[in-house]
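Sequences and hints are given; from them, build the entire structure.
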Amino acid sequence: MPGSETEMAGGGIIDRMWVRITRTLIDTGRPPHYAELARSLGVSPAESRTILHAVLQAYPIGWLHPETDYIASFPPLNGLPTQYRVTVRGEQKWFAQCGFEATSVTWLFPGERVRIAAACLDCGDPLTVEMLDGRLTWVDPPTVVGHLNYGFGPSRGRPPFL
Amino acid sequence: MNLFRSEEHARRWEQFRPESEEGFISLPELVGFFGTESRQHMLDADYLSRWYPARAAERREYLARIGKASPFWLGTPAPSA
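First to last, the sequence lines map onto chains A and B. Each residue of the first sequence is one higher than the last, beginning at 29 in our numbering. Each residue of the second sequence is one higher than the last, beginning at 25 in our numbering.
In short, the hints are calculated from the structure, not lab data. It cannot be assumed that every hint is accurate.
[Unchecked claim] A short list of chain B residues far from chain A (calculated; beta carbon distances all over 12 Å):
1. Ala-81
2. Glu-85
3. Arg-89
4. Gly-91
[What the hints assert, rightly or not] If you want the footprint, here are the derived chain B segments under chain A, 3+ residues with CB under 8 Å:
5. 40-51
6. 66-79
Think of the CB as a built atom: it goes at the ideal place given N, C-alpha and C, for glycine as much as any other residue.
Have a look at this one:
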C-alpha cells in the first residue's frame with residue numbers, strides 16, 4: 029500500500045522515530061525494536077516497521093543487521109558492540125559506531141565527560157579519548173590518530189567495512 | 025574509520041591498505057570533522073529532517089578547510105576513474 033506508507037513516512041513521524049531510537053540508545057545503551065516503538069508513536073507494529081525503514085532511508089549512515097529488522101548501527105552509537113566503548117558518569121554501556129563517530133558521541137551527552145576507550149587494532153594496547161561538550165579533555169597516548177582505510181566513496185554500500 | 029595509538033600503529037595493522045596513506049587525520053581535526061554544526065543538534069526534535077541533510081555540505085566544506093578535498097575523502101570518483 030504505497031499510499032499509506034507515504035503518509036506514514038511524513039516528516040513528523042520519521043523525526044519522532046529517529047528521536048525515540050536515539051533517546052533509547054542514550055538511556056539504555058541498546059537500540060529498540062520497532063514493535064517497542066509502535067505504541068509510543070501511536071501506530072501499529074507493522075506501521076512502525078515501515079517507518080523504521082523510512083528512517084534508515086533518510087539516515088543511511090545507520091543500518092539494520094542484514095536480513096532482519098534489528099537496528100545494528102545508529103550513529104554515532106551502535107547496537108552491535110564495537111571496540112569503541114563509551115563511558116559516561118562512570119558507566120560503560122554504550123558503543124560507538126566507529127572511531128570517527130566516537131568523537132561525536134559527546135553531542136549526545138551535554139555537560140558530561142564522555143570517555144572513549146578502545147583496543148588498538150595493531151597491538152591491542154588501550155587508547156583513550158575523553159571529551160566534554162565537543163572539546164578534547166584527555167588523550168592517551170597523545171599520538172592517537174584517526175585513519176580511514178577505504179575512501180568514503182569505495183566504502184559506501186559496505187557499512188561493515190567502514 | 026578507526027582510531028590508532030599512532031600512525032605507525034595504523035601502518036602496522038594487518039589490514040592497512042597502502043592506498044589509504046592519505047587516510048590519516050589528526051584527532052583535533054577529526055573532532056572538528058565530526059562536530060560540524062549539524063552534529064551538534066542531534067538532540068533536537070527535528071534533527072533528521074532539518075539538520076542531517078546539511079551534514080554532507082558541512083563536511084565537504086570542513087574537509088576543504090583542512091586540505092583534504094580529495095576524492096578519497098570526498099567520496100567522489102578519482103580523476104582517473
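Cross-check of the supplied hints:
1. Ala-81: Non-interface label stands for Ala-81(B): nearest chain A Cβ at 14 Å, farther than 12 Å.
2. Glu-85: holds (15 Å)
3. Arg-89: Given a closest Cβ separation of 16 Å, the condition holds.
4. Gly-91: holds (15 Å)
5. 40-51: holds (count 8)
6. 66-79: Held - the stretch 66-79 of chain B has 8 residues with a Cβ nearer than 8 Å to chain A, which meets the minimum of three.
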